[in-house]
Amino acid sequence: MGSENENSITIPGPNRPIAIPSSAAKALYTLMAPSVVTKRKGAKAQKASPKKKQKKESFTAKTPKQADLYDHSDSPDEQEVEEHVVFDEDDEEGSGSGSDILFGDDPLAGDDDSLQASDDEEKSSGSNSGSDLDSDSDDSDIEAKSRAIDEERAREEEEAGAEMQLNIKEESDEFRLPTKEELEEEAHRPPDLPNLQRRIKEVVRVLSNFKALRQDGAPRKDYVEQLKRDIISYYGYNNFLIGALVEMFPVVELVELIEAFEKPRPICLRTNTLKTRRRDLADVLINRGVNLDPLSKWSKVGLVVYESQVPVGATPEYMAGYYMLQSASSFLPVMALAPQEKERIVDMAAAPGGKTTYIAALMKNSGIIFANEMKEPRLKSLTANLHRMGVTNTVVSNYDGKELPKVLGVNAVDRVLLDAPCSGTGVISKDESVKTSKSSDEIHKCAHLQKQLILAAIDMVDANSKSGGYIVYSTCSIMVAENEAVIDYALKKRNVKLVPCGLDFGCPGFVRFREQRFHPSLEKTRRFYPHVHNMDGFFVAKLKKMSNLKPTTAHSELDETVERGHSMTEDSIEENDEKDDQEHLTEDDTKIKNKVLKEGVAENGKLKSPGITDQKKESSGKRRKEKNFPSFFSHLKGKTPLEQKQENKAKFPKLKFPPREEIAKAREEKRRAVREKKSASNNVGKGE
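Per the UniProt record's numbering, the very first residue in the sequence shown carries number 1; after that it's consecutive.
Source of the hints: derived by calculation from the structure; they are not laboratory data.
Among the hints, a few may not be true.
As the list claims (entries may be wrong) - With beta-carbon atoms standing in for the labels, derived distance ranges:
1) Y399 <-> E184: 52 to 62 Å
2) S381 <-> N209: 42 to 52 Å
3) K406 <-> P508: 31 to 41 Å
4) E403 <-> N464: 20 to 30 Å
5) K406 <-> F505: 30 to 40 Å
6) P266 <-> M164: 38 to 48 Å
7) K263 <-> L213: 22 to 32 Å
8) K665 <-> L549: 33 to 43 Å
9) V395 <-> P659: 26 to 36 Å
10) E403 <-> V224: 20 to 30 Å
11) E676 <-> V410: 41 to 51 Å
12) R147 <-> R220: 53 to 63 Å
13) S429 <-> E181: 31 to 41 Å
14) E181 <-> Y306: 48 to 58 Å
What the hints assert, rightly or not - Within a straight-line C-alpha distance of at most 27 Å, the following computed BS3-like cross-link-like pairs (lysine-lysine) qualify:
15) K297 <-> K263
16) K211 <-> K228
17) K275 <-> K263
18) K492 <-> K406
19) K445 <-> K402
20) K544 <-> K342
21) K497 <-> K435
Even for Gly, the Cβ is constructed at its ideal location relative to N, Cα and C.
Kindly produce the complete structure, drawing on both the sequences and the hints.
This is the structure:
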């Protein structure tokens, strides 16, 4: 510990105590204080507390007097102390005042620090020249490393640019079809799905702008065939179905349709207006954790379900019959039918009852509905839904749809809904087996059955109904043979016409398809697609019956078809119609027809020949009127061509063959007679 006298101050040293005059110590502190404060500000200003700063300011305030004292002191001891005594900045930070710096509690620690600091200063001053050399070498090493880093970076950029150019060359606008060797190699390997998907997109891109992007010398047929093969491999369709879809849609729309078939359609509910309202039902289901919205503007009873915390097919509301699980496309035929109250309506293929219950709700349980279902196992679901939904105006039947006119009567009902059995090519998202199970023969079988059913439906409707006379035909198929071809056939075979369906959306039906040409009014039919309307593929047509008269030949041929159980094509029925027309022409009509063909017909339908006088013209005109020869203008005089034909056939009815049982019985009797005669002759020979 240091001791303080009146004229000197003793401080401990490394070997012995050192005595310093008090005036010299104060002067020494005055000189050292500014440097210590500067170091503190530069290096450790952040660590200084506000109290320490206040103490420093108190020391700096006394510096003028200390400087005066130092100016009057010239002793050599003061200079010696000035050379050897160094105040450590760390010790100064720990002290609270100037006296603490000189006379701290641990002066030895402060002295050691001061000695170490002085040694460091000497080493640093002694090695200044060496540090300059080291800094030069370090700078050169840093420059070399930086240069190496720059070179490596430039090399990486160059490689990346080369790789980008290579990718651009590989993915150029010119798409190359795979060769036969490449296709054979792919056939022996598992399918590369990413490669197939990329190639499908490339082929579609080329076909969408074929003139600009096609490969030199490659016909369009090759691209289409490659697209078919890739779709078959990637999506799992058969050759027939893909070929039919390629013929119906452009390639871009085809890919959109196929991708839409891979996604499920949204779950839809139909509110049963016999028991509740849509708003009330939505509130109840929302409280049960069902996330739903109104279906669309075109439906006042539909709800679409996005997600549900409970099974929507097992809620108390479902069990009570407040709603029906039904696809959005199934709403459309009933909306097109537009049933009215107190009407007689037939649903020819009713199971499981979604459309029938919708009709009953629109009719408010008035009138009568005949719900027919040919397949007996499906009657259970039909009757269960009718009871659950509270329908009371429906009669359930189990007949073949083709025989319904015999059961319910001809011209007996106001409206008929025929949701015909079909191939199901519009609901692939629900039944993926359709991709591989359908063939051309099956499509033709369905089309033939649908033609028979639509003729039976037309026959049941009364054309003279005050509020009805309509037939709605619908299928869940997108094939032309099951839709437009069937309607065109009905237009030819019955006295009906197409009317608007009453639906504000949907694509118009085909008027022409490949080599086929249909009636222009088929534009009034409506098609619905999953990639356009986000619902199952569907077809809807609405017919208006104009007259109860019909060609009996076509109907008789259909009756024979039902009895014999064999199929008849449309061509054979048309040939029979022509034969019957020729048979039922009267003798006078034949003479007049031959005379017209020989003498020639002039303009405006008047006979013009140099050998015919005006009197003969008048007589021929009278004869046409008397004999009612069917002509194009006959309907303007009160009778239509169909009525003329009906009258002619009534005068000369067609010969009716006996029933098959009578024919078989007659043949058996004839055989028995032949046997008896033969046995009698044998007996006579033996007797001789």
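Checked hints:
1. Y399 <-> E184: 52 to 62 Å: The hinted range 52 to 62 Å holds for Y399 and E184, with Cβ atoms some 56 Å apart.
2. S381 <-> N209: 42 to 52 Å: 51 Å, holds
3. K406 <-> P508: 31 to 41 Å: 36 Å, holds
4. E403 <-> N464: 20 to 30 Å: 24 Å, holds
5. K406 <-> F505: 30 to 40 Å: 38 Å, holds
6. P266 <-> M164: 38 to 48 Å: 43 Å, holds
7. K263 <-> L213: 22 to 32 Å: Holds - the Cβ-Cβ distance for K263 and L213, about 29 Å, lies within 22 to 32 Å.
8. K665 <-> L549: 33 to 43 Å: 36 Å, holds
9. V395 <-> P659: 26 to 36 Å: At 31 Å between Cβs, range holds.
10. E403 <-> V224: 20 to 30 Å: Given range 20 to 30 Å: violated, Cβ gap about 45 Å.
11. E676 <-> V410: 41 to 51 Å: Cβ of E676 to Cβ of V410: about 47 Å, so the range 41 to 51 Å holds.
12. R147 <-> R220: 53 to 63 Å: The hint (53 to 63 Å, Cβ to Cβ) holds, given that R147 and R220 are roughly 59 Å apart.
13. S429 <-> E181: 31 to 41 Å: 37 Å, holds
14. E181 <-> Y306: 48 to 58 Å: 50 Å, holds
15. K297 <-> K263: Given pair K297, K263 holds - Cα atoms ~23 Å apart, limit 27 Å.
16. K211 <-> K228: 20 Å, holds
17. K275 <-> K263: Not OK: K275 and K263 at ~33 Å, beyond 27 Å, violated.
18. K492 <-> K406: 22 Å, holds
19. K445 <-> K402: Roughly 15 Å separates the two Cα atoms, so the pair holds.
20. K544 <-> K342: 19 Å, holds
21. K497 <-> K435: Since the Cα atoms of K497 and K435 sit roughly 35 Å apart, the hinted pair is violated (cutoff 27 Å).
Checked against the numbered hints above, the structure violates hints 10, 17 and 21; every other hint is satisfied.
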